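First to last, the protein sequences are chains A and B.
So the first sequence is residues 1 to 332, counted in my numbering.
So the second sequence is residues 333 to 640, counted in my numbering.
Worth flagging that the hints you see were computed from the coordinates, not collected in a lab.
Just so it is clear, the structure is predicted and the values come from calculations on it, not from any experiment.
C-beta: ideal position from N, C-alpha, C; glycine also.
A couple of the hints might just be wrong.
Claimed, not checked - Estimated spans, in silico, between C-beta atoms of each pair:
(1) A:I199 / B:M333: 40 to 48 Å
(2) B:D635 / A:S237: 36 to 44 Å
(3) A:N278 / B:V626: 22 to 30 Å
(4) B:V622 / A:D164: 47 to 55 Å
(5) A:P113 / B:L489: 20 to 28 Å
(6) B:K387 / A:A215: 20 to 28 Å
(7) A:P113 / B:R340: 54 to 62 Å
(8) A:I86 / B:P495: 52 to 60 Å
(9) A:I199 / B:P565: 55 to 63 Å
(10) B:S504 / A:A215: 46 to 54 Å
(11) B:R340 / A:Q293: 22 to 30 Å
(12) A:V79 / B:S549: 32 to 40 Å
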Amino acid sequence: MARSTPGSGINPGGGLRPSSLSEGASTAPSDASPSDGWAGQSPASKVEQSRARGTSLWRDGVRRLRRNRLAVAGGVVIVLLCLIAIFADVLMPLPYTKTNFGRLNEAPSRDYPLGTDQLGRDLLSRMIYGARISMLVGLLSQVIIVSIGVPIGAVSGYLGGRADLFITRFIDVMYAFPRLLFVILVMSMLGAGLFNIFIAIGLTGWVGIARQTRAQVLALKEKEFVDAARGLGAGFSRLLGRHILPNALTPLVVAVTFGIPEAIFTEAALSFIGVGINPPTPSWGQMVGEGQQFIRSYWHLCVFPSIAIAITMLAFTFFGDGVRDALDPKLK
Amino acid sequence: MFQYVFSRLLWLIPTILAMALVTFLVMHATPGSPLDPVAEGANPLSPEGQKALAKYYGLDKPLYEQFWIFVTKAMRGDFGYSFVYKTRTVAEILRETFPISLFLGSMALVLAVVGGLTLGILAAVYQNRGWDYVSVSLATVGVALPNFVLAVFLIILFSFIIPLFPTGGWDSPRDWVLPTVTLALAPMGIIARFTRASMLEVIRADYTLTARAKGLSEAPVIFKHALKNALIPVVTLLGPLFAAVGTGSFFVESIFRVPGMGRFFVLSMTGRDYPMIMAVVLTYGVFLAVMNLVVDLAYGALDPRIRY
Numbered sequence: 001m002a003r004s005t006p007g008s009g010i011n012p013g014g015g016l017r018p019s020s021l022s023e024g025a026s027t028a029p030s031d032a033s034p035s036d037g038w039a040g041q042s043p044a045s046k047v048e049q050s051r052a053r054g055t056s057l058w059r060d061g062v063r064r065l066r067r068n069r070l071a072v073a074g075g076v077v078i079v080l081l082c083l084i085a086i087f088a089d090v091l092m093p094l095p096y097t098k099t100n101f102g103r104l105n106e107a108p109s110r111d112y113p114l115g116t117d118q119l120g121r122d123l124l125s126r127m128i129y130g131a132r133i134s135m136l137v138g139l140l141s142q143v144i145i146v147s148i149g150v151p152i153g154a155v156s157g158y159l160g161g162r163a164d165l166f167i168t169r170f171i172d173v174m175y176a177f178p179r180l181l182f183v184i185l186v187m188s189m190l191g192a193g194l195f196n197i198f199i200a201i202g203l204t205g206w207v208g209i210a211r212q213t214r215a216q217v218l219a220l221k222e223k224e225f226v227d228a229a230r231g232l233g234a235g236f237s238r239l240l241g242r243h244i245l246p247n248a249l250t251p252l253v254v255a256v257t258f259g260i261p262e263a264i265f266t267e268a269a270l271s272f273i274g275v276g277i278n279p280p281t282p283s284w285g286q287m288v289g290e291g292q293q294f295i296r297s298y299w300h301l302c303v304f305p306s307i308a309i310a311i312t313m314l315a316f317t318f319f320g321d322g323v324r325d326a327l328d329p330k331l332k
Numbered sequence: 333m334f335q336y337v338f339s340r341l342l343w344l345i346p347t348i349l350a351m352a353l354v355t356f357l358v359m360h361a362t363p364g365s366p367l368d369p370v371a372e373g374a375n376p377l378s379p380e381g382q383k384a385l386a387k388y389y390g391l392d393k394p395l396y397e398q399f400w401i402f403v404t405k406a407m408r409g410d411f412g413y414s415f416v417y418k419t420r421t422v423a424e425i426l427r428e429t430f431p432i433s434l435f436l437g438s439m440a441l442v443l444a445v446v447g448g449l450t451l452g453i454l455a456a457v458y459q460n461r462g463w464d465y466v467s468v469s470l471a472t473v474g475v476a477l478p479n480f481v482l483a484v485f486l487i488i489l490f491s492f493i494i495p496l497f498p499t500g501g502w503d504s505p506r507d508w509v510l511p512t513v514t515l516a517l518a519p520m521g522i523i524a525r526f527t528r529a530s531m532l533e534v535i536r537a538d539y540t541l542t543a544r545a546k547g548l549s550e551a552p553v554i555f556k557h558a559l560k561n562a563l564i565p566v567v568t569l570l571g572p573l574f575a576a577v578g579t580g581s582f583f584v585e586s587i588f589r590v591p592g593m594g595r596f597f598v599l600s601m602t603g604r605d606y607p608m609i610m611a612v613v614l615t616y617g618v619f620l621a622v623m624n625l626v627v628d629l630a631y632g633a634l635d636p637r638i639r640y
């Protein structure tokens, strides 16, 4: 599409218009060229108008997100955490594996700002490296979940019939499982390790996003603009990729924003139990899990990682709430 | 109505079977075995010894047969002997620990519902004033923070800084407070959020205006006219909340040393205690499924527009 916004990958102009302008959808197909949706050949003024309206949802979203102070604060913290995660190697005062058996379980001091753990390792360094693990799990797992869940949900919703019935039944069964229980089960069977965490979260996490994608596709595939595109000869993948999915994007973006803290939580919970990250790699959850056994004698062992988890989770929650509100057209 | 309940109960059977099958497959498809010396609580054994044990526990039979045996026995409530606690049957262990978890969970749920509704109503009635901020921030914290993190903060606050409650144990009602609060905060936050949102909607509805217009004072307006309608979306939440409380209890039970079923959650899984894993997963599964059914029925009772 010649008029798609550069770099966006999807065409918000074409994609978002029908929902905001239903009469436009019904008039547009008549003057559209077969090669290109219907935005292509409409009169210039109309295109300008539609593009302005289309991009405005995202632009408007960003503008409204910026006005939400809590969301901005959350975003700033997230950026900081990402920076810490990226530059963990440089930021760590000591290597996270460096032990000092002369100074075990020490409370915070000048040498060790957050104290030392049971093996005399610097808690601050371990927490800094833990940020990398948390962020890695939070972000990468969403990539995995989306790349499994969206295709399955989209195909299921689009095809309907027996395939859809089978997939939805399967999703229902997966839903009946308490999710964390299933992740723990998979992890304890596979064994601890970062890679296995991705497998476990991917295996269980796609269900929610698949369900949401399916619901969106089901609703959208009956819309006139999809009919129009189909009438113009658009194939299966083009219909889904160009016309349906871009319109389903908003709830998916929100789902992913909330999926990140959930994945971080899952990793922390797994590591807390001892089936998550393999030691000596530090993980906040594991530090809390080990530290809480000594909470009476060495409070700092579990309190600092707990604070780190709390800040991260709150930041993502505030940011996620902000994104949801900003993208909700009803709240305008 | 009767037909609906009946068909829902019938649906439970394939759902639970599928759950058992998935668990069974995950257990057996992954590398390792309970006889493996690496497993927690296992002894290094000679190949003959391993074989004998496998035969004793029926692990040498083909998988489909093992599954069939499991299903037929489980229907009679017989899950066999635990692999880790070799002298005790799984049913015995569960009979002892499940009531404790259930008790903790019920207390937490009651607290969550009562606290959540109160906070939600206060927030809606005093929208954008003090109470609203208190309840919204409490709800956010409860929802956002994992319960083991909450547990750490609560212990620091109420056991160390203000020494009100013990850090763990399960002997006196005083021991119950912190675990219950920890477990309740997340569902309480969710309920408060939903109650607030749905109350705000209802308070603006015409029938609330009518109730005010006919001269009712504030209390009956809120409780008789608004709350009953606002409750409907909140009730649907209870199903997922049971799940949250159920799975959350592991962390809470292990931090506060509560002798409930949650402890066996992970012990059984890392120890590859097959009979125990199946029993724990199915207990949770059945419990959740039944609770979901109850919630759906309650939903119908609250909202006369819904007919089954």
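(message) So, against the hints stated earlier in the document, which numbers end up violated here?
(response) When the structure is compared with the hints, numbers 3, 4, 6, 8, 9, 11 and 12 turn out to be violated.
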